[in-house]
Amino acid sequence: MVHPRPTPYMPACSLIRPSLILFLTLSVLLLGCGAQHAAGNGQTTLAIWYGTDDPVERAWSQHLARSFEASHPKVSVHLIDYSYEDLNTKLQLALSAGDPPDLAYVTPRGPGIPAYLATHQLRDLTSAANQNGWSARLQSGLLARYNRPFAQYGATAGHVMAVPTSLAAVGILYNKRLLSRLHLAVPTSLAAFEAALPRAKAAGYVPLGMGNADGWLGDDWYLTLVNAFVPAVTLQSEQRLSPDFSFARPPYIRAGRLIHSWAQSGYFTRDFGGIDAQEGMDLFFGGKTLFQLVSSSQNSQIMQDEARTQLPIGIFAFPGQGADGVMPQSGYEGWIVPAAAKHPATAVSFITHLLTPNTARFLLTQGLLPAHNLRQDGLLQARHLGAHPWQREYLQALATAQPGVYIDAAPIANLNATMEANVQLLLQGYEEPSFLVTSLQDVYASHGSHGSSARIDGEF
Amino acid sequence: MSMPPTAATEAPRASTANSEIAEQPPLQVPVTPSFAVWWRRLTPLYLIPALALYSLFVLWPLIQIGWLALVRWDGFTPQIFIGLDNFSTLWNNQLFHTSMWHSVLWEVAALLIPPMLALGLALLFTHGRAPTLFLSSLFFPALLPPTVVASVWLLMYSPVSGPLDIGLRLLGLGGSAPDWLGDPHLALGALFVAWTWSVVGIGTLVYYAGIAAIDEAFIQLALMEGAGPLWRFLHVTLPGIRRAIAVVVLINAALAAQVFDLVFVTTGGGPGYATTILPLEEYGRAFGAEIGQGAAAACLQIGVALVPMLLVLPLLRHGDETLSSGEETRRRPLRSSLPTLAASLGLLAILFPLLWLLVVALEPGKVFTVTGPDFNPTHWQWSSFATVWNQGMGDAVGTSLLLAAGVAAGVIVLAAPAAYALTYLIPTGILSRALLLLWLIGLLQPTPVLIIPLFHLLYGFGLLNTPWGIVFPEIARSLPFAVLVLWGFMGQIPREILQAGAVDGASPLQRMLRLVLPLTRPALAIAAIWSFASSWNEYLLPTLVSQDGSLQTVPTLLASFIGKYNTQFGLLAAGSLMAMAPSLILYLLLRRPSATGLAAVERGTR
Chain F
0 MVHPRPTPYM PACSLIRPSL ILFLTLSVLL LGCGAQHAAG NGQTTLAIWY GTDDPVERAW
60 SQHLARSFEA SHPKVSVHLI DYSYEDLNTK LQLALSAGDP PDLAYVTPRG PGIPAYLATH
120 QLRDLTSAAN QNGWSARLQS GLLARYNRPF AQYGATAGHV MAVPTSLAAV GILYNKRLLS
180 RLHLAVPTSL AAFEAALPRA KAAGYVPLGM GNADGWLGDD WYLTLVNAFV PAVTLQSEQR
240 LSPDFSFARP PYIRAGRLIH SWAQSGYFTR DFGGIDAQEG MDLFFGGKTL FQLVSSSQNS
300 QIMQDEARTQ LPIGIFAFPG QGADGVMPQS GYEGWIVPAA AKHPATAVSF ITHLLTPNTA
360 RFLLTQGLLP AHNLRQDGLL QARHLGAHPW QREYLQALAT AQPGVYIDAA PIANLNATME
420 ANVQLLLQGY EEPSFLVTSL QDVYASHGSH GSSARIDGEF
Chain Y
0 MSMPPTAATE APRASTANSE IAEQPPLQVP VTPSFAVWWR RLTPLYLIPA LALYSLFVLW
60 PLIQIGWLAL VRWDGFTPQI FIGLDNFSTL WNNQLFHTSM WHSVLWEVAA LLIPPMLALG
120 LALLFTHGRA PTLFLSSLFF PALLPPTVVA SVWLLMYSPV SGPLDIGLRL LGLGGSAPDW
180 LGDPHLALGA LFVAWTWSVV GIGTLVYYAG IAAIDEAFIQ LALMEGAGPL WRFLHVTLPG
240 IRRAIAVVVL INAALAAQVF DLVFVTTGGG PGYATTILPL EEYGRAFGAE IGQGAAAACL
300 QIGVALVPML LVLPLLRHGD ETLSSGEETR RRPLRSSLPT LAASLGLLAI LFPLLWLLVV
360 ALEPGKVFTV TGPDFNPTHW QWSSFATVWN QGMGDAVGTS LLLAAGVAAG VIVLAAPAAY
420 ALTYLIPTGI LSRALLLLWL IGLLQPTPVL IIPLFHLLYG FGLLNTPWGI VFPEIARSLP
480 FAVLVLWGFM GQIPREILQA GAVDGASPLQ RMLRLVLPLT RPALAIAAIW SFASSWNEYL
540 LPTLVSQDGS LQTVPTLLAS FIGKYNTQFG LLAAGSLMAM APSLILYLLL RRPSATGLAA
600 VERGTR
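Just so you know, the protein sequences line up as chains F and Y, in that order. Just so you know, we're using numbering that gives the first Met the number 0 here: the first sequence kicks off at 0 and counts up by one. Just so you know, we're using numbering that gives the first Met the number 0 here: the second sequence kicks off at 0 and counts up by one.
Hints are computed from structural coordinates only; laboratory data are not their basis. Errors might be hidden in some of the hints.
What the hints assert, rightly or not - Covered by chain Y, according to a simulated footprint, are these stretches of chain F (three or more residues, beta-carbon under 8 Å): (1) 92-100; (2) 114-120; (3) 262-272; (4) 410-419.
Virtual Cβ for every residue (Gly too), placed ideally from N, Cα, C.
Whenever a hint applies, use it, and build me the whole structure from the sequences.
Here is the structure:
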């Protein structure tokens, strides 16, 4: 019988040696001690959660914190960057637990600010805005316009709940060299714009740059066309859930048909369905694309690509609704102060600091479109704009074009996602324009509880 | 050829087994005691630490999800009980059906394709040359966080500068290059390929360990009797790795149920709804002010994944280790170089995306440009590596290393006694089955929703902004896998060994430490590697726990290079490559025990 004897020849398992366990426990303990932030010496630590989907912006966002610290020596600013998705996740949890940061830079789209407002999680900033003259620091009427939609989520009409510092506007980026080569001028009407497309294609160029893998660019195109056909004032009421509204109306169907016909005509970048917006932009700077719909959120990439390729570029507002075109400009982020913030007064000081000309100047150098009153501060004359004429064109178009409205920012769950998904299918030829408006109306009318999708034969 | 099915299995056993074993009556020391004895021996002490942590950080949040599925709640206002309305809302939504169908497809494919692929690779590695090199290299993708895997495959599938399309263009097939992620017919399949790439290494490792443990004598005998490769595979290899198959299937079922970041980052569910899956539904609804619907979707997801797991669980307990030698056997490479060649091709396919990552790191400005990388070493820039290091990669690696090692150690310390108690100390019956089911459910954590009750729990305990807020939940989340695998392995240890220990006066604790654990070293190593890799790659939990940003881990640092606009692919690639190094070292340290055979038990009985 050869039963093994336990102790003499069976070693204890090396994986659980007490010394190893002890070492790891101590290490994690040390890590825990190291993670605690010392607060003392009368310092106030301002906790800020900053939302951005641009990694380049993450790199310079710390400058905002450091410049505030320089002018407020008793304040230590702890600014952490998150993507919008992560920020939304974190903030919802932190607010519901009653432990939010002092200040956050978040999207006004749902669930974002609407969800926080509806449940009374935000501090009313009206008196702070009045005391510090925030409205005058921003472009004329911008603060009121930005806060107007919040009334439908429970905020008092006319009150300030969030403060923007940078705009997000959608324009048309164009290749100046190609435009000249094709003997075209910047189009000032939809007809002129449409006429340029076959001409560019016939000459072997890509008329419309597009990377729609992530869906938002197709959505932006559809809404830009809607804005070209419908007055902004109408869209504002529809964004506020006008009961009579229907997507099955002619302008919405027309916009769908137009973008669909462009796709069918091969005007967009080849394989745009599998190319994302960043990739599409890089392709534009390959020099073979005439026009490209862009959001100013992409400006840091435009600056990088421009520096890399030296391609002469310009920006104009999409033609329609008046001589100066239309420029959808909504959905950009705003600063909020949670009701449970530990240092609300310091948070207000930080917002005031962000609205100074110095901050506006800094934002301009990063390629952004500051929400500040640039004319009053003479910032449009800033020297660096000479190096980026397209940025000046962007700002000028923004000042003169009709401000468009994104109807997909209406407080309806799944509306934005439904629009992105169905425009993707529409552009790729898997769906008809009539189905697009049906699916959108389906979601709109059911307040997000119902959705419909086109069945794709053979879909995996 | 025909061959008596028992010849290969019976003869070696007869030749090696000591005849005394058969002649001696079994020892009458009870190893599975009655309930009273079980209680007296303080069995709960073996179970309680693991069960307590698991109950607190996994079961309790899961129970809360069950409750939340029955209420309407936006996360702030009071909850309203609505019965099954959330389920009915989901069921009446056509889009939800699409997501459900995609998840079922994914789960089924995950149980078939990666395990078969892994088995094929393991067989090739076993019969080819330099298996250690192959295995080590194959493990690289498992060490990448899912967000990085997603970015790697965005690069691979790019219709502009992706290597797949570049290759087709070079072959003159540029016009027929598919739009991998843009075509609704291809997108889900393309994502599944990316996912398979990231998980196949783990399965291959487990299979390799199982194959290497099969006693060479059985194979030689089969060869002597003229058995062909197919017969040997069907009657020697497959029975010998039955438990390895169960482990791999469990791993894949669990991983498939948790696929989220890959789809979220690459397609977001598109084009159209072609890649929507249940975790996306859960996340979108839960953080879109419809937590109840998100929880209901999570319950359905658990149901989808639980079925295959229940089916495979008995396999874990009935592996055929009579075929095992109890130690790793290095098979002599076949004279034919075909296996090595085939293995090399397989390895190249696995490593290619990583090599592309290196190209992207060295030529960051060329990504997505029309010309693509030019592969000219004189143009290579190493600055991406320096930039990533300066942005805190060293600290992030240190933090991740400590957290992941702490989690792995914690899992082993807690899971081993729990599995020991489950195997030897708790009477077989309803209680043990209930406990097994309890652990099994823990494999299917719907992270996007689970995080809601978990966050409130951590906040309540004051664990936010502390490493314990990551370590405790991570240990709890890895425990089910570790306990089930250890339980499966421990069940195969002959009871005679423990009886002998008992006769010699060894206490249950001594029997566990001196007999059982040394014999289950392969399983301990697998559990350690699994928990380490899971913790190393975890993104959401550190992001949520670290309210003040003080706990920067590797995945959170790498995620900071990813964005909807202007993802910094050069930094991301450099960071990903740098991040693989430490965990690879750990893998190499633990690889040996994991490949030491799946049943060292047999050696003890001879």
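Okay, the hints, checked on the actual structure:
no., hint, verdict
1, 92-100, "holds (count 7)"
2, 114-120, "holds (count 4)"
3, 262-272, "holds (count 4)"
4, 410-419, "holds (count 4)"
The structure agrees with every numbered hint stated previously.
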